[in-house]
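Undergrad: The chain contents come next:
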Amino acid sequence: MRLPRRLARTWTAGAGCALALLIASGLGARADRNDRTDRSEGLRAFGEIAKVLRHPRCLNCHTTTSFPRQGDDRHPHANLVRRGPEDRGVPGMACGTCHQAENNPASGVPGKPGWRLAPLSMGWEGLADGELCRVFKDPRRNGGRDLPALTRHLASDPLVAYGWDPGGNRQPVPVPREELVQLMRAWTSAGAPCAAARAAGAPSAAAAAAAAAAAAH
Amino acid sequence: MPRAESTTSRRTESPAAAPPAAGGTSRRAFLWSTALAGGGLLLRCALPAKAATMTGAAAVAPPAGELPLTPWVRITAANVVTIVVSQAEIGQGISTTLPAILADELGADWEAVQLETAPFAPAYRNPQRNWMFTGNSESVQAFYDLMRQMGAAAREMLVEAAAARWGVAPASCHAAGSAIVHDASGRRLTFGEVAAEAAKLPVPASPRLKADAELKLIGKPLPRVDVPAKVDGSARFGIDLALPGMLAGAVRTAPDLLGKLRRVEPSSVSGMPGVRAVVPLERGVAVVADTWWQARTALAKLQVEFEAAPDARLSSAQIRDDHRRILEAGPWVTPVATGEVEQRMRAAAGAGRVVTADYENPFMAHATMEPMNCTVSVTPGGCEVWAPTQGQELAVLTLAGVLGLRNDQVQVNRSPYVGGAFGRRLLPDFIVQCALVSKAVGRPVKMIWDREEDIRRDWFRPATAVRLTCGLDAAGLPTALAARVVSPTILLPVFPALAPMLREKGFDPSALEGMLETIYELPHRRVDFHLWETPIPTSVMRTTGYGPNLFALESFVDELAHAAGTDPLAYRRRLLGKNPRARRVLDRAAQLAGWGTPLPPGRGRGLAVAEAFGTLVAQVIEVAVSAPEVRVLRVTSAVDCGRVLDPGIAASNIEGGVIFGLAYCKSEITFDHGAVVQSNFDGYELPYLAEAPELVTELMPSGEKLGGIGETSPVTVSPALANAIFAACGRRLRAMPLGRHGLRLGVARPPKGKGYA
Amino acid sequence: MPSFKVNGKVHDVDADPGTPLLWILREQLGLTGTKFGCGIARCGACTVHVDGEPVRSCSFPLAAAAGREVTTIEGLSPDRSHPLQRAWIAEQVPQCGYCQSGMLMTAAALLRARPRPTDEEIDFAMTNLCRCGTYARVRRAIRRASGQPAQGAGA
Chain A
1 MRLPRRLART WTAGAGCALA LLIASGLGAR ADRNDRTDRS EGLRAFGEIA
51 KVLRHPRCLN CHTTTSFPRQ GDDRHPHANL VRRGPEDRGV PGMACGTCHQ
101 AENNPASGVP GKPGWRLAPL SMGWEGLADG ELCRVFKDPR RNGGRDLPAL
151 TRHLASDPLV AYGWDPGGNR QPVPVPREEL VQLMRAWTSA GAPCAAARAA
201 GAPSAAAAAA AAAAAAH
Chain B
1001 MPRAESTTSR RTESPAAAPP AAGGTSRRAF LWSTALAGGG LLLRCALPAK
1051 AATMTGAAAV APPAGELPLT PWVRITAANV VTIVVSQAEI GQGISTTLPA
1101 ILADELGADW EAVQLETAPF APAYRNPQRN WMFTGNSESV QAFYDLMRQM
1151 GAAAREMLVE AAAARWGVAP ASCHAAGSAI VHDASGRRLT FGEVAAEAAK
1201 LPVPASPRLK ADAELKLIGK PLPRVDVPAK VDGSARFGID LALPGMLAGA
1251 VRTAPDLLGK LRRVEPSSVS GMPGVRAVVP LERGVAVVAD TWWQARTALA
1301 KLQVEFEAAP DARLSSAQIR DDHRRILEAG PWVTPVATGE VEQRMRAAAG
1351 AGRVVTADYE NPFMAHATME PMNCTVSVTP GGCEVWAPTQ GQELAVLTLA
1401 GVLGLRNDQV QVNRSPYVGG AFGRRLLPDF IVQCALVSKA VGRPVKMIWD
1451 REEDIRRDWF RPATAVRLTC GLDAAGLPTA LAARVVSPTI LLPVFPALAP
1501 MLREKGFDPS ALEGMLETIY ELPHRRVDFH LWETPIPTSV MRTTGYGPNL
1551 FALESFVDEL AHAAGTDPLA YRRRLLGKNP RARRVLDRAA QLAGWGTPLP
1601 PGRGRGLAVA EAFGTLVAQV IEVAVSAPEV RVLRVTSAVD CGRVLDPGIA
1651 ASNIEGGVIF GLAYCKSEIT FDHGAVVQSN FDGYELPYLA EAPELVTELM
1701 PSGEKLGGIG ETSPVTVSPA LANAIFAACG RRLRAMPLGR HGLRLGVARP
1751 PKGKGYA
Chain C
2001 MPSFKVNGKV HDVDADPGTP LLWILREQLG LTGTKFGCGI ARCGACTVHV
2051 DGEPVRSCSF PLAAAAGREV TTIEGLSPDR SHPLQRAWIA EQVPQCGYCQ
2101 SGMLMTAAAL LRARPRPTDE EIDFAMTNLC RCGTYARVRR AIRRASGQPA
2151 QGAGA
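Residue numbers (our numbering), protein chains in the order written: chain A, 1 to 217; chain B, 1001 to 1757; chain C, 2001 to 2155.
Only chain A is shown next, with the shape it has when bound in the complex (with noise of 0.2 angstroms):
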């Protein structure tokens, strides 16, 4: 078996690293040509869902941070908003005080019903494919949701489909919503494999920020 490059490099790290790098992007000692052919299907097909959880318009809210971004370039929340103790914001200024449950075209400040932020624990900033993921597919960091769920959820959530009704002058995300939804079964079909890591097997800075915020969560 011809391992790429990485992924050596990684086999070399550390066994139970590497083992766990294994189970998650599934490519067990069984593997065979059908799998793989899956396996890269699936990988492709996150790759496109990846561009939406990466989109500014979702990775904005899905911050690891104690306060929310707007805009393409990301920049913090105006206002000095903070994330608050339970992800709405804070007492005299929550996400509800400025966003309603529809985008206004008058303030041209965007709304969708149950405005928030995801958890910490759903924090996706800095994180490789593999990494997000792996997040993305956690049902501790997700929500508690399982793949169809999670399905589901961006199929139709209110508050998701902010992602493609932005309001004003805002980008919506770069892939259809029912386009997404044929992803994410693609991807659910195909085992949801995970790409790995980036390199030796040590996880990125934001992503072991994020597990640590997961974990305080």
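Any given hint could turn out to be false.
[Stated by the list, open to error] Coverage of chain C stretches by chain A, computed from C-beta distances (three or more under 8 angstroms per stretch; other residues unrestricted):
1) 2036–2043
2) 2055–2061
3) 2104–2110
4) 2124–2137
Quick caveat, the hints were computed from the structure, so don't treat them as lab data. For every residue, glycine included, the Cβ atom is placed at its ideal position computed from N, Cα and C.
Model the placement of chains B and C on the given structure of chain A, informed by the hints.
TA: Chains B and C only, in chain A's frame:
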């Protein structure tokens, strides 16, 4: 507490939804008028005409021999004492302080006094300028003596009338609590009971002023008269005005600063709810509707084309290049040349001891919280205005000219509350625009600029460039100082009569404030000025020339101190040998701030001292720098304004001014291809409460001449902050705002709690 | 058209349902204590309460007010007796005063949720802009209204 007029029941202003009032009643009666119904007496006090000190005043001075008769006080038979407030209450507290001065001399019961906003009338002109306006931090300085005299004169007339009725000597009586008391017998007559007789008496030319010990209000921290109405929503600002039969207007001007209206299609909004008219203007278009929101909604749908006027020269980069080129090449006029600057510079250069540094100040927008707005009714015979304004007189003159009316056909009423001003409301541009719209539709119209118009169509504090060059002696102390200042005019738009001087002498004295004179002992000094021509509208803004020039000078002095290896406090003290007032505030600010005590790494203290608006201010700013964040931890201000008339109000002005000064360091207005880049608080960010430092403020009256307060404390913030940042991390900021250096304001108190940190 | 309560009184308003609540309050109901500052929910001058929660009314459409209870500065108390209003007077907070209605409404919402707010709860709740710079006194007044000593307010 005295009742400001907007809290009295005499006001019968109707809400917007109310039907127009029945005819026959003066519209003004529905608004801010305060004419008393019957029994009112006017104590008309003569005010000797003063020589105009501003060139422009001659144009509006009363005819020879005519004395301004000044109705400052009215008293009814029922003993209601009404004092007129000539100055705009723009947040500085003047509507408390000036009438309190008068009431104190008068012996009126302050709690029962009624206050009234002055109409435009020559009597209410600033007596030092002979011009009716509110600004330049000089309301107290200009009106203090007059208020004392008017109060004392009225008191003497009332006392004389009472004494005559009793057949006793006036000297045996005194006034207190809005009554006259005969000291020996204890007999008492209210002001109202003798007002009719008092009004027939001649006005004493030089009434006795009370001794300090007799004063009960002056010098005390009085509760502001405007505060109660500002905590329950009842304070009516200009934007809150409702006039019977009034329509509302919204305006959009060309995106390019010099763009003009090319074409508008009124039919594109006809039939929209409430829409009454589309009024083309030179640079924009107004939609007039029943409500402002209807007008604004239609405006967004209106088919309108503007002439594009892209201008590559109108860009911030180009402006900076221009300034740098001018700093090298001039040409210059030289308003100050004292001592032997050239010889000393040559000598210092020979010894390799000449230092020079260039400083830049950014364009800034006033961004008053209440956007520009105005209500005007233009009729064939006249024009009546209700406006949140600082500049009633300029508004009258300008409107008369634009509308082809006589001055006396124009009435400009000032709203009793004004939502911030900072110099912006000295200008009549928004009033004229509203008048043109009212004239076009033949109805009273209230125009409200949205924030985008308010910022893009500001008359900005201009970007300026300052080059400072200094020859040093062996100890690193300056032997000569040369300054070059590049600035457009800031004073001309608010005082058009400056024009001849600007033409003949080529410099704007306001743009050179803080440079024409200096607190430091620098006898060999030269100041060059280049009047930078720009199509960008520029005008005065809180701190006027002092802010930009003293950012340069106080930064430069700090640089000289560090270059000499001397503590910046000690260095300044050596240059202030002949200025004990400056040394006193400097020493006190340093002491209060713990100057010289050790700080943890990343922290620093910066110092600045200035004389501005007749007041000495020294400031120490303590910062914590962790790039890109600059956290301003504490700002200590020591202020000597000569005499403190109200320590509470003075302190609030100093405190607020510090935050205003931080705004000069936080944001800027930029230009790109002929357009203003920022248009709201998203691009033009003001400081937040969380970024506000701890404030330590000490007033140090010296008994010297009264100085201004409102604009003083922001003057020293930019240099003190730059100096503090240098102390903290070694970076020298020669331009503001912080963003030019990849820095930004951080929160003063870093959060720790869950979801906050 | 939706009916809703403002300061305890039921209103039926005839206006476009997209009209910001701010302009309904100001132009239809004559409640001008609520101020227009930016129109983009940045300055907070238009802050009111909807069902007790702070809302920037320039960004809150009339349609969303249906069936809900709105409180404006005029309804904070009938007689300036709200602890915050008293504290605002005691600390002499306002200067020009234009932002203060919104400032008070935000503070009132903060105190309802946190009767004794910490410094950081004050700092990050109070994001209303004040051009006159009354922030130090706002901090002090909130501490005073919540029965806490001014010390520690950082100003």
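Undergrad: Does each hint fit the structure? Answer for all of them.
TA: Status of each hint after checking the structure:
no. : hint      : in the structure
1   : 2036–2043 : holds (count 4)
2   : 2055–2061 : holds (count 6)
3   : 2104–2110 : holds (count 4)
4   : 2124–2137 : holds (count 4)
In this structure, every one of the numbered hints holds.
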